[in-house]
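K.L.:
Here's the letter readout for the chains.
Protein chains: 2
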Amino acid sequence: MASAALRGGIDLGGTKIEAIVVDERQRVLGQARHPTPTDGGPQAVAAAMAEVMQQAAQAAGVKTAALAGVGAGSPGTVDADSGTVTSARNLPGWEGSFALGPELARRLGTRAFIGNDVAVATAAESRLGAGRGFASLLGVFWGTGIGGGIVLGGEPWHGRGGAGEIGHMVIHRGGRRCPCGRRGCLEAYAGRAAMEARARREHKKGRHTKLFALMKERGRTRLTSSIWWHAIEHGDKLATELIDDAIDALGNGIASAVNLLDPEAVVIGGGLGVRFGEPYVRRIAQAMGPHLFDDERPPKVLLAGLGDLGGALGAALLVPAPR
Amino acid sequence: MASAALRGGIDLGGTKIEAIVVDERQRVLGQARHPTPTDGGPQAVAAAMAEVMQQAAQAAGVKTAALAGVGAGSPGTVDADSGTVTSARNLPGWEGSFALGPELARRLGTRAFIGNDVAVATAAESRLGAGRGFASLLGVFWGTGIGGGIVLGGEPWHGRGGAGEIGHMVIHRGGRRCPCGRRGCLEAYAGRAAMEARARREHKKGRHTKLFALMKERGRTRLTSSIWWHAIEHGDKLATELIDDAIDALGNGIASAVNLLDPEAVVIGGGLGVRFGEPYVRRIAQAMGPHLFDDERPPKVLLAGLGDLGGALGAALLVPAPR
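Note that the protein sequences, when read in sequence, are chains G and F.
Everything in the first sequence is counted per this note's numbering, starting at 1 for the first residue and increasing by one.
Everything in the second sequence is counted per this note's numbering, starting at 1 for the first residue and increasing by one.
Keep in mind the hints are simulated off the structure, nothing from the lab.
Treat the hints loosely; a few may be bogus.
No copy labels: a pair is met if it fits in one copy or bridges any two.
[As the list claims (entries may be wrong)] Derived pair list, reagent style SDA-like, types lysine to any residue, alpha-carbon separation capped at 20 Å:
(1) Lys300 with His158
(2) Lys210 with Glu196
(3) Lys63 with Ser225
(4) Lys204 with Lys216
The shape of chain G in the complex, shown without the other chains (with noise of 0.2 Å):
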């Protein structure tokens, strides 16, 4: 197969960089993941993707040069023409703006698309994966923060560059604090950041949890969406108080922009989403029920299809397909 026919896709998240080559029906050929680095601002983090980027085409016998682009979806503001990022929320030291399309292209001797992640891995979901077939679709990628994507009339819904965002929807005016600074937010009680902080501020005062000794075994910095898993599993009461608040607040949070939007499907995927699977999943349509307006009719609530790597793939197709 030439080369010129494989295309890069890359999901920049706050934990980790994920990285694929695919061909033109989108099969995955070879793919990369490492840890997205703590420090050196943007700089570092366009060369550790241009890094792992360069693993995967290496996994898949073909350099990078030689693909017909790369694809990356990026959390923050995205300005696909300039393939700049602007305010890459939890990355550190991406407060400002950075050309990352550009200094993708020159590290990595080819074309540079750059796409919002959420978006893309939005759009994914609805070309490949469990969206497939639905004209209107809510993804929501339950994950370190909440995102969301729009998919309305087949066509992606970006508003003005900012729409989607379900993790920033108020469902308890004057509550948490949220991570972004708000109040209230859904992301305050169910974006794994925060419950990890929640978690945090309880283990000090005293309350017993195996979460940080879970996360202590396995060398890890911070709480996983597997290690609050394992947690629940061994009964853990503090990790399955705060995952049941989490599900009751997404059911509150998803029928809120199911009310304003009535789409034929949501979709929900992200770290959390896709580790805890199709049992929480139907934890979460349960606890929309409740508050949906028209709840005769649901919508279709599924497990996001193309697991972990929707993001990659979401972002391989931001490359136009070649001629």
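Assemble chain F onto chain G, guided by the hints.
P.N.:
Just chain F, lined up with the frame of chain G:
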């Protein structure tokens, strides 16, 4: 002018029925208004709608049978093809389905077109009112309930027929009971019906307020927007508290919708919105501020430009232009 170029528009509200006759440039040639019947069910309401329409036609010097058609905006779930309205909220005895379109056509001797009241009012603001020139728009109708209409990419967005229920977005998880029976909805804090119920409870408990004295003075059985306005003008503490809380609730709820949709503009209409006007629209915009995720680029927040007539004008727009 040939009367075939004239159209009728009927706005069916929870408290009043408003009918107009407009020419092809949407100029109002005749107008009539009547309280909505409180008993007799859909049949009585349809009869009253036809009568008000006939009065408006008479004022315009035309027979209804000579109109190009009549449009009606109704609460509830509307099936545009059959002209059927199901579970029209705030209208007593209208829990089931009623073929409003055929009934109006029979009584008026012309074609009848039915749309959702809030959707047609939003379309009117988008095409003729404060929303002109904005490709994306959120209409918020602050009255007995809180209705919402959505225009995206210049076109109305109806979802599966039920989109726009901004009044039933949850702004306080586990909070106050809403007239819809659910908990914590925006409408439970900011809808006129919910505010009146709270005022009655407080009044019964012995709390001083001029609201009900004003109501009796005016020979009313409900607290109209005008009564709320006058109570506040007279420094009524309870009325002021309830309206202040409604504005804060609207700020939270509308900001949530903006975070999800990122529209160019928000138009505030409805009985209370129109009666309270510009200064209160500015207060709502201020209340949104702290909850906007992209607070450096808020949407325009504007008072509805068509006042009380927006619903009837939007209903008239349902009638296809005569060839």
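K.L.:
If a hint holds in the structure, say so; if it doesn't, say that too.
P.N.:
We went through each hint and held it up to the structure:
1. Proximity of Lys300 to His158 under the C-alpha cut-off of 20 Å is restricted to the inter-copy arrangement: shortest distance 17 Å between copies versus 22 Å within a copy.
2. Taking identical chains as interchangeable, the C-alpha atoms of Lys210 and Glu196 lie at most 20 Å apart only when both belong to the same chain, with a minimum of 13 Å there against 50 Å between chains.
3. In this assembly of identical chains, the alpha carbons of Lys63 and Ser225 never lie at most 20 Å apart, being 33 Å within a copy and 69 Å across copies at closest.
4. In this assembly of identical chains, the alpha carbons of Lys204 and Lys216 lie at most 20 Å apart only when taken from the same copy (16 Å versus 59 Å across copies).
Checked against the numbered hints above, the structure violates only hint 3.
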